[in-house]
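**Q** Residue numbers (our numbering), protein chains in the order written: chain A, 1 to 134; chain B, 1001 to 1409.
In case anyone wonders, no lab produced these hints; they're calculated from the structure. Be aware that a few hints might be false.
[What the hints assert, rightly or not] For lysine to aspartate or glutamate, the following DMTMM-like pairs were computed, each having C-alpha atoms within a straight-line distance of at most 25 Å: (1) A/Lys100 / B/Asp1023; (2) A/Lys28 / B/Asp1046; (3) A/Lys100 / B/Asp1170; (4) A/Lys28 / B/Asp1109; (5) A/Lys28 / A/Glu118; (6) B/Lys1091 / B/Asp1170; (7) B/Lys1091 / A/Glu66; (8) B/Lys1091 / B/Glu1117; (9) A/Lys28 / B/Glu1243; (10) B/Lys1091 / A/Asp15; (11) B/Lys1091 / A/Glu118; (12) A/Lys28 / B/Asp1170; (13) B/Lys1139 / B/Glu1117; (14) A/Lys100 / A/Glu120; (15) A/Lys28 / B/Glu1365; (16) B/Lys1091 / A/Glu65; (17) A/Lys100 / B/Glu1017; (18) B/Lys1343 / B/Glu1384; (19) A/Lys28 / B/Glu1342.
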Amino acid sequence: MPWPNYYPESCPPVDAIDATGVVFRLVKTDPPRPSDFRPLVLEQPHRDFSACPCMACGLSVYRFEEDVFRLRERVGRRVPAFRDSLVAMGGLVPGMGMVKATPSANEASHTTWWVPVEVEPSPVFAVVATGGAA
Amino acid sequence: MIVRRPFPELGDLRVFEVYEYVDEPVLFACRNGRDQLFLAVLSHDDEASRTWFYAPMSQRRFEVVRSGGMDLNGAFRAVEGEHIFVVTAPKGLGDTQSGEWVPVAVIADAYLPLASERLELTTATLPEPEDVAIAATAKQLNCEVLRLRFDFEDRNRTEAPAALLGQLLDTLQQTLTAVGQAVLGKATTRGEIPVDLVNQTRLVVTGTFAGSFGVELHSDAQSDLFGDSGVNQALEQVVGLLEASTSDEALLRILEQLRGRSASKYREFLLRFSGLRSVEVQWGSPKWDRGRMTSLSSGDALRSAATISRMTPDEPVDFEVFGRLVALHARVKTYELWDEEEKRKYSGRVEDDAMEVASHATINEFYRALIRETHAISATGEMETKYHLLRLIPSGSSEVSSPEEPEHK
């Protein structure tokens, strides 16, 4: 798979696997737009990501529906920028990049998804819940 | 992870705790090279830019916020210094970031975490104890050393409810003194314990430490040349009681040997566990073969208290008191008597046998009184002691009041 030229070497990591299966992601628009899937390194090019350059190229997704809804509920209360976020679901198939399980303290199914150059994520995602968290 | 921000006001920030992560940390704690702490949150995110709020905070304020003592809205709304640092980062190439101090009063709640949302992470707010073996400490000080770790319910910081902590320490001391009387002298169920026994078994609080709430106590009395002492012998029994409190049979066996007031005092200590999850007890002794560690859960403590209740409370004790009648209320059948010998007041119900004399008694005159002491566990689980007036005899009378010797429990 061809990776974006801003990816550092050894990214995605060697233990990442082919991206397949259903995943969920917090998005801002219905239907989801390309801007809902821009990695941090493109969103904020002025920042220094030298401490974790590969993670900054990936996207946060979740394998379990209950994890992302719980996340939306909690993060919406704690982080104002996510107060009106939506939950979108997408089906990944081979060729759509690589993933690695990166569980967080609160969401065991947190996964990082690295998207190759020729793939546009937004068309395969649809919003499954609306309404803000507050 | 080091997050470098081109703002001298913030300095080079190092993220040391992440509370929420979506593509990146979006609620986190960081500190700069001057050890200034910040709580940071992603306040706004649109097509053009992202806005971050950094709330500076002291270590103590951070501990309160981290442990849930202050909600996240308050962490920003009540920021020390009344200003937060606002960083606006444009998306894509183009303008660089901007940052400035902004009075938090001008920021709408829509851009802050919701009120009542808390972190609620267990946070040590006292230092850990020095890593010195407790036996070594006891040897150095030549006294008994206890380290108690209380795990209080609903506490995320190293703190203890004052009233409950006081009751736990008080009832533990009373237990130790009662057991000391049983092993060193003659166990009694009432009256003052001899002063020298009280002094031998006295504990003093010497410090507090983290995890969950730790208290270090030392025996006030020093050990002899062989490391032995009265309190050492009493502690051997008290720690034995704690260890035995997982088994009714073992517990009752020890209490029946101790007699006196040990059982009731130990029960009072156990009843305080209703506000605890558990306690861990480390005992260090200058005596080489003494000292050890044990722990007791709230469940075992309360069950043991109930076991002791079934063992003791129905045995009344009758005894005679010489004292001054302070009050008598014939209609409601209650009395108050001042015991001149023990310098204490007895009060309670006047039983029918005593009413005839009592109803004609003179206030402030001296009488010999036959009193019955009973114990019961109240509905709230507390020990209640009652003193019933069985007979009242004028002081000059030759009439006998005590029917028999009072029983020792």
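**Q** Does each hint hold? Answer for all of them.
**A** Verification of the hints:
no.: 1; hint: A/Lys100 / B/Asp1023; in the structure: holds (14 Å)
no.: 2; hint: A/Lys28 / B/Asp1046; in the structure: holds (9 Å)
no.: 3; hint: A/Lys100 / B/Asp1170; in the structure: violated (56 Å)
no.: 4; hint: A/Lys28 / B/Asp1109; in the structure: holds (20 Å)
no.: 5; hint: A/Lys28 / A/Glu118; in the structure: holds (23 Å)
no.: 6; hint: B/Lys1091 / B/Asp1170; in the structure: violated (63 Å)
no.: 7; hint: B/Lys1091 / A/Glu66; in the structure: violated (31 Å)
no.: 8; hint: B/Lys1091 / B/Glu1117; in the structure: violated (29 Å)
no.: 9; hint: A/Lys28 / B/Glu1243; in the structure: violated (59 Å)
no.: 10; hint: B/Lys1091 / A/Asp15; in the structure: violated (31 Å)
no.: 11; hint: B/Lys1091 / A/Glu118; in the structure: holds (22 Å)
no.: 12; hint: A/Lys28 / B/Asp1170; in the structure: violated (59 Å)
no.: 13; hint: B/Lys1139 / B/Glu1117; in the structure: violated (49 Å)
no.: 14; hint: A/Lys100 / A/Glu120; in the structure: holds (19 Å)
no.: 15; hint: A/Lys28 / B/Glu1365; in the structure: violated (88 Å)
no.: 16; hint: B/Lys1091 / A/Glu65; in the structure: violated (29 Å)
no.: 17; hint: A/Lys100 / B/Glu1017; in the structure: holds (22 Å)
no.: 18; hint: B/Lys1343 / B/Glu1384; in the structure: holds (21 Å)
no.: 19; hint: A/Lys28 / B/Glu1342; in the structure: violated (79 Å)
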